[in-house]
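Number of protein chains: 2
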Amino acid sequence: MSNAVTRREALAAGTVLLGGAAAAQRTPVHVPPPPGKKLGWALVGLGKLTIEELLPAFAKCEKSRVAALVSGVPEKAKALAARYGVPEKHIYDYDGFDRVKDDPAVDVVYVVLPNSLHAEYTVRAAKAGKHVFCEKPMAPTSKECRGMIAACREAGRRLMIAYRLHHEPHHLRAVDLAKGKDIGGVQLVVADLTQQVPPGTWRTNRAMGGGGPVPDIGIYCLNEARMLLGEEPAEVRATTFKPKDDPRFGDVEQRCLFTLSFPSGAQANCSCDYGLDDVSQFTMIGPDGSARMDNAFRYRGLKLTTTVRGIRRVTELAQIDQFAAEIDHFSLSILENKPHKTPGEEGLRDVTVIEAIYEAARSGKPVGLGHKEAAR
Amino acid sequence: MSNAVTRREALAAGTVLLGGAAAAQRTPVHVPPPPGKKLGWALVGLGKLTIEELLPAFAKCEKSRVAALVSGVPEKAKALAARYGVPEKHIYDYDGFDRVKDDPAVDVVYVVLPNSLHAEYTVRAAKAGKHVFCEKPMAPTSKECRGMIAACREAGRRLMIAYRLHHEPHHLRAVDLAKGKDIGGVQLVVADLTQQVPPGTWRTNRAMGGGGPVPDIGIYCLNEARMLLGEEPAEVRATTFKPKDDPRFGDVEQRCLFTLSFPSGAQANCSCDYGLDDVSQFTMIGPDGSARMDNAFRYRGLKLTTTVRGIRRVTELAQIDQFAAEIDHFSLSILENKPHKTPGEEGLRDVTVIEAIYEAARSGKPVGLGHKEAAR
Chain A
1 MSNAVTRREA LAAGTVLLGG AAAAQRTPVH VPPPPGKKLG WALVGLGKLT IEELLPAFAK
61 CEKSRVAALV SGVPEKAKAL AARYGVPEKH IYDYDGFDRV KDDPAVDVVY VVLPNSLHAE
121 YTVRAAKAGK HVFCEKPMAP TSKECRGMIA ACREAGRRLM IAYRLHHEPH HLRAVDLAKG
181 KDIGGVQLVV ADLTQQVPPG TWRTNRAMGG GGPVPDIGIY CLNEARMLLG EEPAEVRATT
241 FKPKDDPRFG DVEQRCLFTL SFPSGAQANC SCDYGLDDVS QFTMIGPDGS ARMDNAFRYR
301 GLKLTTTVRG IRRVTELAQI DQFAAEIDHF SLSILENKPH KTPGEEGLRD VTVIEAIYEA
361 ARSGKPVGLG HKEAAR
Chain B
1001 MSNAVTRREA LAAGTVLLGG AAAAQRTPVH VPPPPGKKLG WALVGLGKLT IEELLPAFAK
1061 CEKSRVAALV SGVPEKAKAL AARYGVPEKH IYDYDGFDRV KDDPAVDVVY VVLPNSLHAE
1121 YTVRAAKAGK HVFCEKPMAP TSKECRGMIA ACREAGRRLM IAYRLHHEPH HLRAVDLAKG
1181 KDIGGVQLVV ADLTQQVPPG TWRTNRAMGG GGPVPDIGIY CLNEARMLLG EEPAEVRATT
1241 FKPKDDPRFG DVEQRCLFTL SFPSGAQANC SCDYGLDDVS QFTMIGPDGS ARMDNAFRYR
1301 GLKLTTTVRG IRRVTELAQI DQFAAEIDHF SLSILENKPH KTPGEEGLRD VTVIEAIYEA
1361 ARSGKPVGLG HKEAAR
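In order, the protein sequences belong to chains A and B.
At position 279 of the first sequence the residue is numbered 279 (this note's numbering), and the sequence of numbers has no breaks.
Numbering-wise, this note's numbering comes out as the position in the second sequence, counting from 1, plus 1000.
Be aware that one or more of the hints could be misleading.
What the hints assert, rightly or not - As a list, the in silico DSS-like pairs of lysine-lysine whose alpha-carbon atoms are at most 30 Å apart:
hint: 1; chain 1: A; residue 1: K365; chain 2: B; residue 2: K1242
hint: 2; chain 1: B; residue 1: K1048; chain 2: B; residue 2: K1038
hint: 3; chain 1: B; residue 1: K1181; chain 2: A; residue 2: K244
hint: 4; chain 1: B; residue 1: K1179; chain 2: A; residue 2: K244
hint: 5; chain 1: B; residue 1: K1365; chain 2: B; residue 2: K1303
hint: 6; chain 1: A; residue 1: K303; chain 2: B; residue 2: K1303
hint: 7; chain 1: A; residue 1: K341; chain 2: A; residue 2: K143
hint: 8; chain 1: B; residue 1: K1244; chain 2: A; residue 2: K365
hint: 9; chain 1: A; residue 1: K179; chain 2: B; residue 2: K1244
hint: 10; chain 1: B; residue 1: K1048; chain 2: B; residue 2: K1365
hint: 11; chain 1: B; residue 1: K1365; chain 2: B; residue 2: K1242
hint: 12; chain 1: A; residue 1: K181; chain 2: B; residue 2: K1303
hint: 13; chain 1: B; residue 1: K1181; chain 2: A; residue 2: K242
hint: 14; chain 1: B; residue 1: K1048; chain 2: A; residue 2: K244
As the list claims (entries may be wrong) - Just the calculated beta-carbon pair ranges, DEER-fashion:
hint: 15; chain 1: A; residue 1: P199; chain 2: B; residue 2: G1250; range: 50 to 56 Å
hint: 16; chain 1: B; residue 1: D1245; chain 2: A; residue 2: D182; range: 19 to 25 Å
hint: 17; chain 1: B; residue 1: G1230; chain 2: A; residue 2: D251; range: 28 to 34 Å
hint: 18; chain 1: A; residue 1: L49; chain 2: B; residue 2: T1305; range: 25 to 31 Å
hint: 19; chain 1: A; residue 1: K101; chain 2: B; residue 2: D1245; range: 56 to 62 Å
hint: 20; chain 1: B; residue 1: D1245; chain 2: A; residue 2: P34; range: 52 to 58 Å
hint: 21; chain 1: B; residue 1: D1245; chain 2: A; residue 2: E62; range: 57 to 63 Å
Source of the hints: derived by calculation from the structure; they are not laboratory data.
We put the beta carbon where it would ideally sit given N, CA and C, even for glycine.
All chains, full assembly: derive it from the sequences and hints.
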């Protein structure tokens, strides 16, 4: 019987232990999952992102389907469940969320709640035996991040943080450029993300957001710099600005400018702002060339312009559904038992830097991060 | 006789004191200078900028002509004088420069020397009774700048610092946008200027350059931010980077990242680097829109892209000869006795901020500039 269970588990993981000679050698043979096999996802939190981006994205997924909805507003959950073909028995409210443990239709829980609730629902999902896919920032504090990682490890479940740009073709091309010889190695990244935040949301509530624009949108600049440079910042400088006359910014800052210094000598100069019109861009510069991304952190319309030895090229790649890509990546990694990108440790690294950014802004001094020796 | 001299002086300044009734009222009547009248310029320093840009620019000037050359290399001076039609008697070496006092062909002295020599030659030119047009940065120290301003004031001569972008159509349009209502007022400027500096020039000699990339190219980011925002920074933060293995950067830093905070709450996040490929750009962002300039600080190829309420427009204006424009602006201001742009006080403001940038980089702390109340 134990052998049968092992087989079943291995099959689910995309690996079959064959009998006979193969069994004697104990060589796992990879067999891809059935083409039609889709993992069931429970979406926790039915806000704007879920309604406008995530639910539509599942229609484009090949390995993932919406299996359950979790919401505090029954009417909204019922209406969305009907539209997306989710039987009503797979609707949960927050109090009853832990019953998802007994719902075999659910393989993955996607936490799309305000930042301050990420840790709680990640831990509850892991305890319910589900893999967890959690929005970024991972949590308001690095302590919570560590708890999330530990809970998933204890439960033997996977944890992935939703960094959609790690799957986006223009960003993947930018990383190739950064690692390659054309521009001679990136030494400077400048990145800016500004947008108008509406009043009265959790985004301008420090307790719920874990900060202001830094964890919400500054994280894109930060994560991009880390991704392009392939190393961890050793030191952080920052300054924040809070206007006196804008009621949105009583609790959180409007703006943060921060500088990351990396062990190699590379640096990143970043800005994020909650009170300005949309700007979303980065430029990476090396000794022999540079590349700029317009609409860099948006869902659509990304454009990569490279200049190498004076020759300017615009690279136009497929504008994919970034949400479908990251969702299917996680499902496929589970189905095929392969590593997945941006696990909890990646989310923790960003949150650790964000804590240092706020400390630097408070103190007016550079804050070290203990990565004097090149990390990773 | 004294009356005749007054007339002649007034005529040179574009103003005629008429006799009879007008004289009784002592009302100056503006009479434009003769259309063909050109002021004579002495170019002090025959380096790359003079040879490649300035001498050709004079061919496009309507109010300015090359009247004299000052150089330490007689063969070069003679060859250029022959090519540009300057009689040999108007060639000076540095020791003999003060004889320009007795050269009536010279109205303006253009100082195109290494930064550390700007003060000396500005003062000598003023003492020789000439108007002075001086390259930026004005001088390595604010003390020298004050001396230059005082010397020109005492001599009753004009002093203009060569900020060519104050005459460039795309920049003038950007200033109009920044002051206007379309983008709702600029609150954030991000500006980057990077280029590879060749080894062994005065640009990487701190004593001759007055610093590294900050006074030489960072000044463009700084001046642009001040021009767009129309106020003076109250506080400066900065960090510099010097690589261990690049012989160009034994004396000066390779890179400086600096942040300017203005009394209104606006900020500028800037980078300059002497060891990276060419990037020359700024973005200004307001609550309702933004504008980006590509090739922002270059001689040619500038492009302004504005985005207002989601609508993106590329503004293509004339690509003028920026050097001819600033040179003729100064000549015309003298001929017509009108104020000129970017006088010595403008150069002094930038140098004062540059001193604060280096102090901030050295100390790792924000440095105040005494502009807590909105300046200008």
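Hint check:
no., hint, result
1, A/K365 x B/K1242, "20 Å, holds"
2, B/K1048 x B/K1038, "25 Å, holds"
3, B/K1181 x A/K244, "21 Å, holds"
4, B/K1179 x A/K244, "22 Å, holds"
5, B/K1365 x B/K1303, "36 Å, violated"
6, A/K303 x B/K1303, "17 Å, holds"
7, A/K341 x A/K143, "22 Å, holds"
8, B/K1244 x A/K365, "24 Å, holds"
9, A/K179 x B/K1244, "22 Å, holds"
10, B/K1048 x B/K1365, "38 Å, violated"
11, B/K1365 x B/K1242, "19 Å, holds"
12, A/K181 x B/K1303, "29 Å, holds"
13, B/K1181 x A/K242, "22 Å, holds"
14, B/K1048 x A/K244, "50 Å, violated"
15, A/P199 x B/G1250: 50 to 56 Å, "53 Å, holds"
16, B/D1245 x A/D182: 19 to 25 Å, "21 Å, holds"
17, B/G1230 x A/D251: 28 to 34 Å, "31 Å, holds"
18, A/L49 x B/T1305: 25 to 31 Å, "29 Å, holds"
19, A/K101 x B/D1245: 56 to 62 Å, "57 Å, holds"
20, B/D1245 x A/P34: 52 to 58 Å, "55 Å, holds"
21, B/D1245 x A/E62: 57 to 63 Å, "49 Å, violated"
Consistency with the previously given hints fails for numbers 5, 10, 14, 21, ordered from lowest to highest.
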